[in-house]
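Hey, can you work out the whole structure from these sequences and the hints?
2 protein chains.
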Amino acid sequence: MAPGTGVVLAERYPVSPWEEVEEAVSAAGVAFTELRGRTAEDIAAFLESFAQRIEDRREEITAMAERETALPREPRLNSIELPRTTSQLRQAAAAARERSWSMPVIDTANNVRSMYRAIGPVCVFGPNNFPLAFNSVSGGDFAAAVAAGNPVIAKANTSHPGTTRLLAEEALEAARSTGMPKAMVQMIYRTSHEDGARLVAHHLVGATGYTGSRRAGLALKRAADASGRPIYLELSSINPVVILPGALEERGEEIVKEYVGSVLMGTGQFCTNPGLTISLSGESSRHFIEAAGRGFDEAAAGTLLGPGVEASLRTAIGTLVSAGAERVNTSGSVGAGCSVPNTLLRVSGERFLIAPEMLQEEAFGNVGVIVVAEDSVQLKKILNELEGNLTACVYSHSAGKDDALYEEVEPILRSKSGRLLNDRMPTGVLVSPAMNHGGPYPATGHPGFTAVGIPASLFRFAALQSYDNVRHDRLPAELRDANPTGRTWRSIDGAWTVGSAGG
Amino acid sequence: MAPGTGVVLAERYPVSPWEEVEEAVSAAGVAFTELRGRTAEDIAAFLESFAQRIEDRREEITAMAERETALPREPRLNSIELPRTTSQLRQAAAAARERSWSMPVIDTANNVRSMYRAIGPVCVFGPNNFPLAFNSVSGGDFAAAVAAGNPVIAKANTSHPGTTRLLAEEALEAARSTGMPKAMVQMIYRTSHEDGARLVAHHLVGATGYTGSRRAGLALKRAADASGRPIYLELSSINPVVILPGALEERGEEIVKEYVGSVLMGTGQFCTNPGLTISLSGESSRHFIEAAGRGFDEAAAGTLLGPGVEASLRTAIGTLVSAGAERVNTSGSVGAGCSVPNTLLRVSGERFLIAPEMLQEEAFGNVGVIVVAEDSVQLKKILNELEGNLTACVYSHSAGKDDALYEEVEPILRSKSGRLLNDRMPTGVLVSPAMNHGGPYPATGHPGFTAVGIPASLFRFAALQSYDNVRHDRLPAELRDANPTGRTWRSIDGAWTVGSAGG
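Heads up: the protein sequence lines correspond to chains A and B, in order. Going by our numbering, the residue at position 479 of the first sequence is 479; the numbering climbs one at a time, nothing skipped. Going by our numbering, the residue at position 143 of the second sequence is 143; the numbering climbs one at a time, nothing skipped.
Source of the hints: derived by calculation from the structure; they are not laboratory data. It is possible that some hints are incorrect.
[Stated by the list, open to error] Chain B stretches covered by chain A per the calculated footprint, using a threshold of three residues with CB under 8 Å from any CB of chain A:
#: 1; stretch: 429–440
#: 2; stretch: 462–474
[Stated by the list, open to error] Heads up, simulated EDC-like pairs for lysine to aspartate or glutamate below, C-alpha to C-alpha not over 16 Å straight-line:
#: 3; chain 1: B; residue 1: LYS380; chain 2: B; residue 2: ASP403
#: 4; chain 1: A; residue 1: LYS257; chain 2: A; residue 2: ASP195
#: 5; chain 1: B; residue 1: LYS257; chain 2: B; residue 2: GLU194
#: 6; chain 1: B; residue 1: LYS416; chain 2: B; residue 2: GLU387
#: 7; chain 1: A; residue 1: LYS401; chain 2: B; residue 2: GLU298
#: 8; chain 1: B; residue 1: LYS401; chain 2: A; residue 2: ASP473
Even for Gly, the Cβ is constructed at its ideal location relative to N, Cα and C.
Given below as structure tokens:
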């Protein structure tokens with residue numbers, strides 16, 4: 001269905017029975033072995049060819065994505081998300097070529113050498129909210145899995161199968177034209193939940209990357225865990241933002257703008273949307289909430305990704321309201337197609353502490369919740385009730401007026417988030433080697449890994465392999481004495497270097 | 001019970017009810033927060049003080065360990081295992097002090113910075129076979145968890161509670177004398193299985209390290225997985241050794257000696273014991289097996305770690321024999337106390353392929369299985385049936401006669417093992433930064449982590465934490481522009497350096 005119009009789109013996509021899924025896994029197993037014979041340069045060439053092909057077909061791809069997701073072509077799909085996608089693919093190519101991601105470690109005295117190497121066929125389940133940059137067949141997980149040397153089995157998100165088809169066509173053509181194994185990229189439109197669970201638990205599967213709802217993700221996690229296969233999840237997150245009083249006094253209006261912009265951006269459908277904001281009771285906090293409410297009313301309500309997202313969002317609002325949250329703004333106007341009014345909710349700290357779980361319900365969409373804490377003691381109690389999140393943020397006075405309180409809240413937020421921000425909203429996840437798009441459970445399944453940031457994201461799809469007394473000419477190039485590229489960073493006898501071992 | 005004499009030892013150790021376990025977890029949670037206020041130097045001082053104290057009390061500790069485990073004081077406990085233990089603690093101290101383990105990554109252009117930091121209270125379950133070097137309160141997991149900044153809740157192995165008590169006393173005294181939080185080290189003698197599962201799933205627990213039986217380990221894994229808490233397992237492994245024909249022709253006698261020594265060392269009770277050896281049918285293989293059988297008969301049978309180990313070993317032999325393995329050697333002589341005769345079994349490749357699971361049953365003790373493959377095709381079939389292992393090894397002709405076959409078996413073994421060896425038996429796990437004491441499931445629970453090797457083993461007990469736009473004076477020292485030690489390796493804008501950021 002086109003979420004922007006409610007019209008059922010003409011394309012039909014098949015549901016794969018288990019036999020087809022198993023065939024895909026077997027083929028991926030063969031491709032995995034074949035990939036061992038390809039060079040880092042081959043893999044880089046594939047990724048770069050794919051990026052170029054996406055750009056060459058950008059009109060068709062972004063038109064299809066707009067139709068399927070109702071996300072605007074401009075400024076979003078064409079000038080932000082597509083360039084992000086091709087940039088990720090090219091960064092992944094550069095990482096594959098440089099090889100430093102594999103972290104070669106050489107102990108010359110004992111002739112023991114180790115590095116990270118491809119883990120095996122990777123299943124990627126992409127989310128509904130980024131049809132290009134997190135698409136299972138072109139997004140961050142895909143790029144990381146391939147750069148680490150793995151074939152990918154991509155499970156298309158059912159909300160944008162046509163976009164995924166176009167991207168998969170280009171991936172296949174890029175694979176063909178760069179001489180990659182035939183089954184390096186495979187796509188499945190849809191399977192039963194049972195078959196999805198069997199897939200991630202298959203003994204030929206190396207690992208799985210999943211971005212999406214908590215419920216579906218945890219079902220896959222159970223299956224993968226039971227078979228001992230790594231699964232990396234990016235689940236729900238409400239990304240708490242704590243706004244300290246000094247910051248509001250100093251630059252309240254500015255923060256209102258940042259907040260309203262961030263919470264309504266993309267109709268609120270970002271993993272790092274600031275769903276929960278906490279401030280301290282007082283005059284400046286009251287002004288902030290009133291102004292934010294006006295901002296919510298003034299902004300046009302956007303179109304959601306589909307009827308499922310709309311239904312979930314209405315349910316979540318119901319849960320929040322039943323737990324004591326009250327609506328701040330008044331506008332009831334909605335956007336085209338699947339839409340709910342921009343909704344700002346507020347709740348007292350006291351109420352929050354009565355039902356902290358319900359009030360952390362993720363409202364995926366154009367909804368914000370502001371908790372007003374009575375005092376700093378209650379503020380800390382609230383923060384201690386928070387679940388693990390992708391991000392946490394603190395706004396504070398620029399000249400130190402909030403510093404004492406910052407010192408108290410920082411350790412709590414730090415332990416509950418993968419990325420801690422100061423004075424900046426969490427939306428916008430930079431592709432930086434220092435990025436962590438991850439965090440403590442239940443934001444993800446393991447706090448040691450990031451889904452965004454190259455080369456860090458490649459680790460998820462690699463196994464540590466040690467070579468003990470292995471004859472020199474049998475070692476992977478990365479572990480031989482000579483540096484294979486002249487610029488691969490390796491740890492030799494405790495020091496990082498681009499030089500040679502034993503030279 | 002003393003396994004060497006069968007005498008029930010006088011000491012009695014309590015079983016902890018859940019209330020006590022929960023109290024320990026709460027206290028560890030407080031200690032975790034307090035540890036944030038300690039410096040890297042403080043942690044290093046604790047580890048070094050503890051190492052010194054173990055050495056100061058070595059007579060008493062090794063006497064107790066000998067009594068509880070029947071492992072000989074000399075050469076094993078006193079001159080090998082105790083020095084390994086204190087060396088690990090000192091290497092961990094050095095890693096804590098240098099801080100490179102935390103892998104600071106600085107992106108100056110975007111002011112995003114990340115590093116690995118302590119994950120939270122770590123539960124350690126130690127195995128029965130290394131009362132000092134893998135002890136839950138002094139071994140590799142303990143050292144890694146503490147060096148990464150975490151408090152430890154140590155679950156004593158029930159086969160050597162007295163040794164654990166002595167080590168815990170010294171750990172506590174070291175903590176006291178170096179001003180560590182009181183609950184940084186806590187010990188539990190024994191709990192019910194249910195309470196063990198509740199412990200690893202507790203929301204205040206950061207992670208768990210477990211070394212021991214597959215059955216108990218997988219029960220803990222289920223509990224930890226369900227609550228989203230990392231657990232690192234080191235489970236069973238039979239460490240396949242492939243001996244190619246050229247190697248046997250060239251140096252058969254030498255390899256017999258290495259094999260017999262390795263498989264019977266420590267009465268075969270090592271994680272990396274070469275339990276399964278595979279050779280190709282032929283004259284040299286027949287000689288090898290005969291000579292190994294003689295070696296098994298000539299060597300005195302050792303004492304096992306306890307009656308449970310003896311019973312499991314007898315059961316495993318029964319399983320192997322019922323699946324078609326035949327005894328090669330004849331001696332029925334046993335050692336003192338808990339003991340079974342040295343047992344060498346052989347089985348044809350054909351038989352192996354009929355019951356590959358049963359014939360991979362781990363026989364933890366002084367038992368070896370040799371599979372004789374008909375030809376290289378059958379050899380590869382056998383290897384393809386192997387489960388994940390900690391190690392895999394290939395012996396081959398030194399001048400290249402086996403190279404073609406090596407090329408064929410290496411990819412199979414590589415994908416099924418954490419550490420690949422050439423021409424060397426797998427026993428002896430060096431504490432090297434390039435070591436991987438890990439491997440694919442079911443040898444461990446995740447192929448990306450090692451239990452031995454510093455600093456690599458610390459990663460298991462750390463979370464990735466990113467700082468985005470955080471004010472400079474609020475950053476951890478490791479992420480500020482200046483290098484905190486002058487020798488901490490950091491990745492700044494893509495290059496590893498001990499220099500400063502931003503010139």
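Of all the hints given earlier, name the ones this structure violates by number, lowest first. 4, 5 and 7
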